[in-house]
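J.: With the first letter of the sequence shown counted as 1, position 45 gets the number 55 in the numbering used here; the numbers rise by one all the way through.
Please note: incorrect hints may appear among the correct ones.
[As the list claims (entries may be wrong)] In the DSS-like style, the derived pairs of lysine-lysine whose C-alpha atoms are separated by at most 27 Å in a straight line are: (1) Lys55 to Lys36; (2) Lys45 to Lys31; (3) Lys55 to Lys31; (4) Lys45 to Lys55.
[To be verified] The calculated label-pair distances, taken between Cβ atoms and stated as ranges, are: (5) Asn86 to Glu21: 38 to 46 Å; (6) Gly63 to Glu14: 32 to 40 Å; (7) Val106 to Leu18: 15 to 23 Å; (8) Asp62 to Ala82: 36 to 44 Å; (9) Pro53 to Asn86: 16 to 24 Å; (10) Arg64 to Glu14: 19 to 27 Å.
These aren't lab readings, by the way, just hints derived from the structure by calculation.
Just so it is clear, CB atoms sit at the ideal spot from N, CA and C, and this is done for glycine as well.
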Amino acid sequence: MLIECRWLWAEHNFFNSFLNKFFHGKYEFESGLPKIHEHDASPPKAYGIIIDGRLVCLYTHESDIGDGWEDAEVHNDSEFIRRKALQMGANILEYVFSN
């Protein structure tokens, strides 16, 4: 997926310095992006592309926030993990709608 994003926005670089705002919105994530669904032991990371001051692409790695939004039976994630996924999604939407 990252390869396709790099192809789509070839003239722009992914970076993560602005993403700190996502972690300190309505919900506080002092450790950064929450690990929602365990794929391996790698830490979760988030990258984005901003064009003309607007976020046009958000790429998360080893987090899979959408898994936490599905019915609990799909991935057997705990209520705590599912809540973190929803809260992180709310922070992302808050950022997008206010910037």
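J.: Next step is simple, just say for each hint if it's right about the structure.
T.: Consistency of the hints with the structure:
1. Lys55 to Lys36: With a Cα-Cα distance of about 20 Å, the restraint between Lys55 and Lys36 holds, given a limit of 27 Å.
2. Lys45 to Lys31: At roughly 18 Å apart (the allowed maximum being 27 Å), Lys31 and Lys45 satisfy the hint.
3. Lys55 to Lys31: The hint holds at about 14 Å.
4. Lys45 to Lys55: holds (9 Å)
5. Asn86 to Glu21: 38 to 46 Å: The hinted range 38 to 46 Å holds for Asn86 and Glu21, with Cβ atoms some 42 Å apart.
6. Gly63 to Glu14: 32 to 40 Å: Check failed, 24 Å falls outside 32 to 40 Å.
7. Val106 to Leu18: 15 to 23 Å: Once the Cβ atoms are compared, 18 Å apart, the range 15 to 23 Å for Leu18 and Val106 holds.
8. Asp62 to Ala82: 36 to 44 Å: holds (40 Å)
9. Pro53 to Asn86: 16 to 24 Å: holds (22 Å)
10. Arg64 to Glu14: 19 to 27 Å: Holds: the Cβ-Cβ distance is about 20 Å, inside 19 to 27 Å.
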